[in-house]
Amino acid sequence: MTSYYFLFFLNLANTKNLCINQSFTGFYIDKNLFTTLIVLIIFFIVTLIILSFLYLKEKKSKKKIKENNLLLYNEIEKFNVVLKATSDTIWDWDTKTNKFVWNKGIEDFFGYKKDEIREDLQWWFEKIHPEDSIRMSVKLYSFIEEKEGKWQDEYRFQHADGHYCYINDRGMLIKDKNDNVVRMIGAMQDISKVKLEEERLKLLETVINQSSDAIIISENNVAKTGSTPKIIYCNPAFTKMSGYCKDDILGKSIASFLSYESVRNNMENIIYALRKKQNIVFEGVNKNKNGENYWISCSSTPIFDNNKTNTHWISIQRNITSEKIRETERENLIIELTKNNKDLKQFSYIISHNLRAPLSNLTGLLALLEDYEIKETELKEIVEGFSKSTLLLNQTIEDLIKVIVIKDNPSTLKEKVNLKLFFDSIINQIPYLMETKNPIITTSFEQETLYINKPYLESIVLNLMTNALKYSKENIKPEINVSTKLKNNKIEITFSDNGLGIDLEKNKDKIFGLYQRFHDYPDSKGLGLYLIKTQVESMGGTISIDSQINIGTTFKITLNNE
Amino acid sequence: MSNSNYKYQSVLFIDDDPITLMLCKKVIEKTQFSLHVDTLTNGKDALKYLNEIYEKGSKIYPDLIFLDLNMPVMDGWEFLDALSKTNLYDSNLNIIILSSTIDPKDIEKAKNYSIVKNFISKPITAENLLRISK
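Those protein sequence lines, which keep their order, are chains A and B. In this text, residue positions in the first sequence follow my numbering: the first is 1, and each later residue adds one. In this text, residue positions in the second sequence follow my numbering: the first is 1, and each later residue adds one.
Some hints here could point you the wrong way.
Claimed, not checked - BS3-like cross-link-like pairs, simulated, lysine-lysine; straight-line CA separation at most 27 Å:
1) B:K111 x A:K342
2) B:K111 x A:K414
3) B:K59 x B:K85
4) A:K388 x B:K30
5) A:K414 x B:K105
6) B:K111 x A:K402
7) B:K30 x A:K380
Stated by the list, open to error - What the simulated footprint calls covered on chain B by chain A, stretch by stretch (three residues with Cβ under 8 Å from a Cβ of chain A suffice, anywhere in the stretch; the number is not a length):
8) 22 to 31
9) 94 to 103
10) 116 to 124
If you are wondering where the hints come from, they were derived from the structure by calculation, not from laboratory data. Each residue gets a CB set at the ideal place from its N, CA and C atoms; glycine is no exception.
Whenever a hint applies, use it, and build me the whole structure from the sequences.
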């Protein structure tokens, strides 16, 4: 353009017959030359003006471009920051070509490497959980069909490590001038944590709803209103327990369900706990809608927010009415039994003492009578009968007393007992039976001594021995075998005979019972085995019996070896 | 029968039961256990009796005192407690409990009194007496 402009001015000079050479050679300035000079000057001035205008214009436009560039740069920066800051994964889908482009989120949040990502629609669908893909694609394509509003869906998307993440995906369509969809842009957000939390909450809700304990949430409005916390939630168990519907319950305090007496008994503690914001556990009586009382065990716990402000109270109430009834019954029973037991004990001591006192006189008097010679046969018989009866009565009372004493004073005193010497002394105590029955006695003691309650052991062995001799078979020499064995840190004492035996089938349950007699023997009192069992058990041991009629009896006593 | 055959000069029985007292006297006589036998029927009388001896200054106490536990007016335990508050307690009194009690706690309780030298279960017999004699 500049060249055209220059030529224009040159032509103008020529048309005026301007000859520059001529004018300069002869130093002659004619009129034409002057005109040409003026034109040239004007030409330069105009050129200068145009040039400066153009320069200024360009300078201005450069500045504007620079400014625009800066603005754009800032915007891009901002966008990048947003992209970086967002936890969303952005995708861009060209609906015509099905090209599918991801932002860096697919690498950062889903662990895919660049070479693993295919930029096509198919790849996206492949990564969607099979159970979700059909539902999700139906919703997506119908949205594209409708071309209206925004798209949002939740589905599971596979992470590079194989597991599925819960995704919330939101998308928008981009349309051309003709309203055809050309692109869709979406933002995926990993909501796995939210989903897990949702499921956890659902589970918790189930627990709360299914719980047979009442769960009550009260809002702490003490500071605001000065009143007790008001119930804002209760589970079905509480409506069932109290008989009230939710509307009746909400807005009240848990204390308003307590009976007057329970309020009086617990209010001080409740107020203290409210003031101190401390957990409180109490038992009380609630009144249900029908006015009936029911016992509750209540535990209330303060709940604090992040600012450590006590915002709520959670109370758990359990209906303990049946437990309370049972407890009361049990307590009454225990009181009654203890009293009865005490009375009986006292009674048995008094009875035995009162029986013993005159009986001891009888025994003493009979002993004195032995010094007198009774000549009259009939009187002698009477005195003998009197003497025998007194002796038997005395033995019975002595045995009964032993039982009473054992029951009231469990065995504690133990001493070392040499078994051989001990056994000899037992035999010496029953000279009459030994002489008349003349038994064969064999002993085998695995250990020389036992650490044991000697009087009890003496009573037990003496009883077993006399039983074995008394209830021996006629015309057959009694054989008695006594042995001790150490087995698993327990002492096993076995006592067997070849006597009459006991019919265990008939008597199994009452063999060690009180006043049980299994043989018709004149001085049998039916106390022996009961006494033995009482003594064995008082030493922390057990006793068992094995017996066959006309073959014999074996007793096995097991005691702890200490 | 000379006095030297007797083991003791005098014994005292404190018991409310006349038959027991009769029986005891007989056994004592028969076994020549003591030359004199005195009997009292409750603790209160016994305390009075012993105090009188003390006040007279004769200091001739019974060699042995047989004490029943179960008695009216003042029982054996009350007697022992009352006695322990007097000057007599530290004198050389020898008390033997003669009772038909079967409560082991009684035997344990008797051990708390240093003055009680023995515990005999009724009835009194020649063997019993032999066991406690010097």
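Outcome of the hint check:
no.	hint	verdict
1	B:K111 x A:K342	25 Å, holds
2	B:K111 x A:K414	20 Å, holds
3	B:K59 x B:K85	18 Å, holds
4	A:K388 x B:K30	23 Å, holds
5	A:K414 x B:K105	18 Å, holds
6	B:K111 x A:K402	21 Å, holds
7	B:K30 x A:K380	22 Å, holds
8	22 to 31	holds (count 4)
9	94 to 103	holds (count 4)
10	116 to 124	holds (count 4)
Of the numbered hints given earlier, the model fails none.
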